[in-house]
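*Asks:* Each chain, letter by letter, is given below.
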Amino acid sequence: MAVSNSSAPHDHDRVVDVWGPRTPHGRDDRWPSRVDVHLDAGVGPADVQKWVRSACVLCSNGCGCDIAVVDGQMVGIRGRADDLVNKGRLGPKGLYGSTPWASSADRLTTPLIRRDGILVPTDWTTAMDRIVAESQRLLRTKGPLSHGFYTSGQLFAEEYYTLAVIGKAGLGTPHMDGNTRLCTATAAAAFKESFGTDGQPGCYSDIEHCDALFLWGHNMAETQTVLWSRVLDRTHGSEPPVLVCVDPRRTPVAVEALRTGGLHLPVRVGTNLALLNGLLRELFENDLVDHDWVDRHTVGVDDLRKLVDDYPVEKVAAICGLEPDAVRRAARIFGERSAVLSTVLQGFYQSHQATAASVAVNNLHLLRGMIGRPGAGVLQMNGQPTAQNNRECGADGDLPGFRNWDNPDHVRELAELWDVDPMVIPHWADPTHAMQIFGYVADGTINLLWVSATNPAVSMPESARIRSILEKDTCFLVVQDLFLTETAQLADVVLPAAGWGEKTGTFTNASRVVHLSEKAVEPPGQAKPDLDIFLSYAAAMDFRSRSGAPLIGWHTAEEAFDAWRAASAGRPVDYTGLTYDKLRDTSGVAWPVNDTHPDGAARLYSDAVFPSAVDVCETFGHDLLTGAAVTEQEYRALAPDGRAMIKGCVYVPAHEQPSEQFPLLFTTGRTVYQFHTRTKTRRSRPLDAAAPRAWVEMNAEDARDLGITEGDVVVVESPRGRIQVPARIGMITRGSVFAPFHYGSSDADVHEPGGRQGQANELTMTVWDPVSKQPAFKTAACRVRRADPVRPAIEATTAGQSGP
Amino acid sequence: MPHLTTYLGMALRAEHTLAASLGVVALGHAEQADVHHTCRLLAGMSEAHTQALAPIVHRYLSRDEDDIVEPDRLHAPGLTRARGGQIGLLRDLQDLHVLGTLVQTTWTVLMQGAQGLRDRELLAVATRSNSDTSRQLSWFNTRMKAAAAQALLVAG
Ligand code: SF4
Numbered sequence: 001m002a003v004s005n006s007s008a009p010h011d012h013d014r015v016v017d018v019w020g021p022r023t024p025h026g027r028d029d030r031w032p033s034r035v036d037v038h039l040d041a042g043v044g045p046a047d048v049q050k051w052v053r054s055a056c057v058l059c060s061n062g063c064g065c066d067i068a069v070v071d072g073q074m075v076g077i078r079g080r081a082d083d084l085v086n087k088g089r090l091g092p093k094g095l096y097g098s099t100p101w102a103s104s105a106d107r108l109t110t111p112l113i114r115r116d117g118i119l120v121p122t123d124w125t126t127a128m129d130r131i132v133a134e135s136q137r138l139l140r141t142k143g144p145l146s147h148g149f150y151t152s153g154q155l156f157a158e159e160y161y162t163l164a165v166i167g168k169a170g171l172g173t174p175h176m177d178g179n180t181r182l183c184t185a186t187a188a189a190a191f192k193e194s195f196g197t198d199g200q201p202g203c204y205s206d207i208e209h210c211d212a213l214f215l216w217g218h219n220m221a222e223t224q225t226v227l228w229s230r231v232l233d234r235t236h237g238s239e240p241p242v243l244v245c246v247d248p249r250r251t252p253v254a255v256e257a258l259r260t261g262g263l264h265l266p267v268r269v270g271t272n273l274a275l276l277n278g279l280l281r282e283l284f285e286n287d288l289v290d291h292d293w294v295d296r297h298t299v300g301v302d303d304l305r306k307l308v309d310d311y312p313v314e315k316v317a318a319i320c321g322l323e324p325d326a327v328r329r330a331a332r333i334f335g336e337r338s339a340v341l342s343t344v345l346q347g348f349y350q351s352h353q354a355t356a357a358s359v360a361v362n363n364l365h366l367l368r369g370m371i372g373r374p375g376a377g378v379l380q381m382n383g384q385p386t387a388q389n390n391r392e393c394g395a396d397g398d399l400p401g402f403r404n405w406d407n408p409d410h411v412r413e414l415a416e417l418w419d420v421d422p423m424v425i426p427h428w429a430d431p432t433h434a435m436q437i438f439g440y441v442a443d444g445t446i447n448l449l450w451v452s453a454t455n456p457a458v459s460m461p462e463s464a465r466i467r468s469i470l471e472k473d474t475c476f477l478v479v480q481d482l483f484l485t486e487t488a489q490l491a492d493v494v495l496p497a498a499g500w501g502e503k504t505g506t507f508t509n510a511s512r513v514v515h516l517s518e519k520a521v522e523p524p525g526q527a528k529p530d531l532d533i534f535l536s537y538a539a540a541m542d543f544r545s546r547s548g549a550p551l552i553g554w555h556t557a558e559e560a561f562d563a564w565r566a567a568s569a570g571r572p573v574d575y576t577g578l579t580y581d582k583l584r585d586t587s588g589v590a591w592p593v594n595d596t597h598p599d600g601a602a603r604l605y606s607d608a609v610f611p612s613a614v615d616v617c618e619t620f621g622h623d624l625l626t627g628a629a630v631t632e633q634e635y636r637a638l639a640p641d642g643r644a645m646i647k648g649c650v651y652v653p654a655h656e657q658p659s660e661q662f663p664l665l666f667t668t669g670r671t672v673y674q675f676h677t678r679t680k681t682r683r684s685r686p687l688d689a690a691a692p693r694a695w696v697e698m699n700a701e702d703a704r705d706l707g708i709t710e711g712d713v714v715v716v717e718s719p720r721g722r723i724q725v726p727a728r729i730g731m732i733t734r735g736s737v738f739a740p741f742h743y744g745s746s747d748a749d750v751h752e753p754g755g756r757q758g759q760a761n762e763l764t765m766t767v768w769d770p771v772s773k774q775p776a777f778k779t780a781a782c783r784v785r786r787a788d789p790v791r792p793a794i795e796a797t798t799a800g801q802s803g804p
Numbered sequence: 001m002p003h004l005t006t007y008l009g010m011a012l013r014a015e016h017t018l019a020a021s022l023g024v025v026a027l028g029h030a031e032q033a034d035v036h037h038t039c040r041l042l043a044g045m046s047e048a049h050t051q052a053l054a055p056i057v058h059r060y061l062s063r064d065e066d067d068i069v070e071p072d073r074l075h076a077p078g079l080t081r082a083r084g085g086q087i088g089l090l091r092d093l094q095d096l097h098v099l100g101t102l103v104q105t106t107w108t109v110l111m112q113g114a115q116g117l118r119d120r121e122l123l124a125v126a127t128r129s130n131s132d133t134s135r136q137l138s139w140f141n142t143r144m145k146a147a148a149a150q151a152l153l154v155a156g
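Protein chains in written order, with this note's numbering: chain A, 1 to 804; chain B, 1 to 156.
Quick caveat, the hints were computed from the structure, so don't treat them as lab data.
We treat Cβ as the ideally placed atom computed from N, Cα and C, and that holds for glycine.
Careful, some of the hints might be misleading.
Derived coverage of chain B by chain A (criterion: at least 3 residues anywhere in the stretch with Cβ under 8 angstroms from a Cβ of chain A; other residues may be distant) [to be verified]:
no. : region
1   : 28-34
2   : 92-106
The calculated lysine to any residue pairs, modelled on SDA-like cross-linking and capped at a C-alpha distance of 20 angstroms, are [unchecked claim]:
no. : chain 1 : residue 1 : chain 2 : residue 2
3   : A       : Lys582    : A       : Ala569
4   : A       : Lys306    : B       : Arg13
5   : B       : Lys145    : A       : Lys306
The following label-pair restraints were derived from C-beta to C-beta distances [what the hints assert, rightly or not]:
no. : chain 1 : residue 1 : chain 2 : residue 2 : range
6   : A       : Ala613    : B       : Thr105    : 33 to 39 angstroms
7   : A       : Glu701    : B       : Leu117    : 42 to 48 angstroms
8   : A       : Thr579    : B       : Gly85     : 48 to 54 angstroms
9   : A       : Asn286    : B       : Val98     : 29 to 35 angstroms
10  : B       : Arg83     : A       : Pro422    : 30 to 36 angstroms
Work the whole structure out from these sequences, hints included.
*Replies:* Structure (structure tokens):
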């Protein structure tokens, strides 16, 4: 076992070497362990008084770790060598960003309440009384549809489930969603459309077994560094897989693909589905289809065959700005390798036609029967660490346990479990998605909005619009968070929450692996676990079941987990066999865990039976082009009955095309050093120093045409807003401009502290995918010019892999 | 075949009316981003249908030297102005649904005629348009269901 990153003072080498040392190995070998540790300056391993079991919450990978504690403070972190997900490794965010925020001087330590326009400290009783009074007044005068809840991808399963019961059985409002809508809704939607329910088919150890790896709009090297080091250990070992990277930017993934003889397809922003339709057609044309498997295990192939006939390679190459031969070669690789693994992320999910393009990736796998066996499968990824739990537990729009709101039996099951009238549970239409929730606040018909652990003022598209919505005096805004974020500053009541390491709960990563994260230290001041906050609201509201008992009978995280287990019983997402004790015993367990799979299941669908039967499925599906719902009757006629559904969609151009006024395409994304809106990562000195401010990336020829050179401060404008940031030249296809989305008004700006000059979402559009309702952050038109007056050039972030 | 040309004219006019009305709703409810963009998409479908049908209409007209005569009780006026607010959106979607239903039944009638005439070209256009119209109607339904409770119960 190699031990890296010893904890010498100010040892921040992993900011530069973000993936750490290699442990190369051959195909089908087990991934070796490598334990990464970081302790605060001045703390030696012998000083650590206890190590507390957890998993990292700074991306969707969910790396198993232990938290180092000295004198009631979190002082460092160590990867768990035996963990299913990371075998001891941690990335720069996990190492340097996991704990410094906790002792940050600007933590919220008391509730705040708005008086005479100003937020002032108060106590819990006053704050909660104020919320409850408002909530009850609105229930009396306007009913439950006046309430909306907007959560996160960073709470624990216990918290989501508790909130789901409050919203769906206590209040009865359909207006619940998470910022998971921004990061992972398309993964869920694509699964539901193709297989019948949500649920990741593949697992990370497929990386060890695959002989081709396709990364579709997934800059894994920066979004999930530990997963990428898992890939690098294959590409540096014997019998490496061939990598195919689909990304408009020359990301580290693209560089590695090219280095190892694979393929980079620098697809034009907004044309993913055209490419996929072309690849699907190539499989048919070259007869690279497993006809027998397709006949037995799928429906819909003939319609797809007809639809993609319209996408010959030359046409597709022209639409996507690619070489026809590159498209052909990609199709050959997909069609001829024996074990193909795909990973999909925001390049697809946050573009227009997101669900259609992601479903098309599923289609490729279905045509070849490449699913459910080692090395062959799909990983539709998540952005945030606990996004999966929001989808499972139903604090987003879905019903808990992947239940179908359109299936009366599913609704009845929940009503019996909760002992409430089924009519209370909102199930009359597709649940309200985040963008619509904000639309109802804008219209003045949602009058109480409760935001937990997220910062929509920075992270949602078209920031100026979102700010004006959050400022509306027709809406009582409750914000529950660790810090006074840009969103919290607009609240009527602010509730101080305990963070990771300060509370106990479970969460599930992108590959269905569940971890228990135990409380290591006390939260500061009066800060409370989110679970306790929800429970105290429920108690104060006095929600009751039909028999008159309190609707929510649990008080601790473990009891909440047990309640969630009961709700998952018999569903594909079955947690019934999983307990806190088991999670203390094993580092990472993949659901389902039940009598059939007592130790969890690495892969779903290894028997090629899909959860698509009418009485099992989570949705009857949608028209991928328009989002129109498929009716139960239509679904019965399709009769998938355990088979996967092959569904196609025509390509249509993005909503906003470049014009004379706005000739360039604007796209957003991440940097390896920051997470979300930097609430935690900017409070880590090494991470903040590595990427302290926003920038834009431009193509070299575009920059030359505009007279812009590296480091020049430029103004980027769209029809909705502008930012002013230094330019970095290179790394992106002609005609496109990239900006990281993490930066808000609390960040170091180029020239105006407190301004919003680096906030990428000032430029993005209010528009969303018709099926998953995920906003399209990656397709807008913009123009770029040098700042006027010309500013002295400043160095854009250049540390580590974010360098030019 | 005067009645066939009448129905061809009806299809043209009804699709045209639907496309124009979708355009009105797209603009009038532009603050609802999905309504705006989807209505434009659906309007494009209807326009494509009229374009596909136009040469066929021309063929029958030149053969029969008929004029298109539209029976006055079989057309629906389109939307000329969008209504305001959530309840207005609901009403507009209902109107679109009514228009879409007229379009669809017209295509259904033409499909029968095309089969009787063994006019493969017309049959193909009518069948494809008919199925697109189903998608349009499904979307109107889906969107109405999503909007209904909020509009009826909470909107001022
Ligand atoms: S890869 Fe993700 S989960 Fe793992 S240490 Fe890095 S940020 Fe944390």
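*Asks:* For each hint, tell me whether it holds in the structure or not.
*Replies:* Against the structure, the hints come out as follows:
A stretch counts as covered by a chain when three or more of its residues have a beta carbon under 8 angstroms from one of that chain; for the region 28-34 of chain B and chain A the count is 4, and the coverage holds. With 0 residues having a Cβ less than 8 angstroms from any Cβ of chain A, the region 92-106 of chain B misses the three-residue criterion, and the hint is violated. Proximity of lysine 582 (chain A) to alanine 569 (chain A) is assessed by CA-CA distance (about 17 angstroms); at most 20 angstroms being required, the pair is judged to hold. Taking the CA atoms of lysine 306 (chain A) and arginine 13 (chain B), the gap is near 30 angstroms; set against the 20 angstroms cutoff, the hint is violated.
With a C-alpha separation of about 32 angstroms, the suggested pairing of lysine 145 (chain B) with lysine 306 (chain A) is violated against the 20 angstroms cut-off. Restraint check, alanine 613 (chain A) to threonine 105 (chain B): a C-beta distance of roughly 34 angstroms satisfies the suggested window 33 to 39 angstroms. Here the CB-CB span from glutamate 701 (chain A) to leucine 117 (chain B) is close to 57 angstroms, at odds with the stated 42 to 48 angstroms. Checked against the hint of 48 to 54 angstroms, the C-beta distance between threonine 579 (chain A) and glycine 85 (chain B) comes to roughly 51 angstroms, which is consistent with it.
The supplied range of 29 to 35 angstroms is broken by asparagine 286 (chain A) and valine 98 (chain B), whose beta-carbon atoms lie about 48 angstroms from each other. In this structure the supplied range 30 to 36 angstroms holds for arginine 83 (chain B) paired with proline 422 (chain A), their Cβ-Cβ distance being about 34 angstroms.
Checked against the numbered hints above, the structure breaks hints 2, 4, 5, 7, 9 and satisfies the rest.
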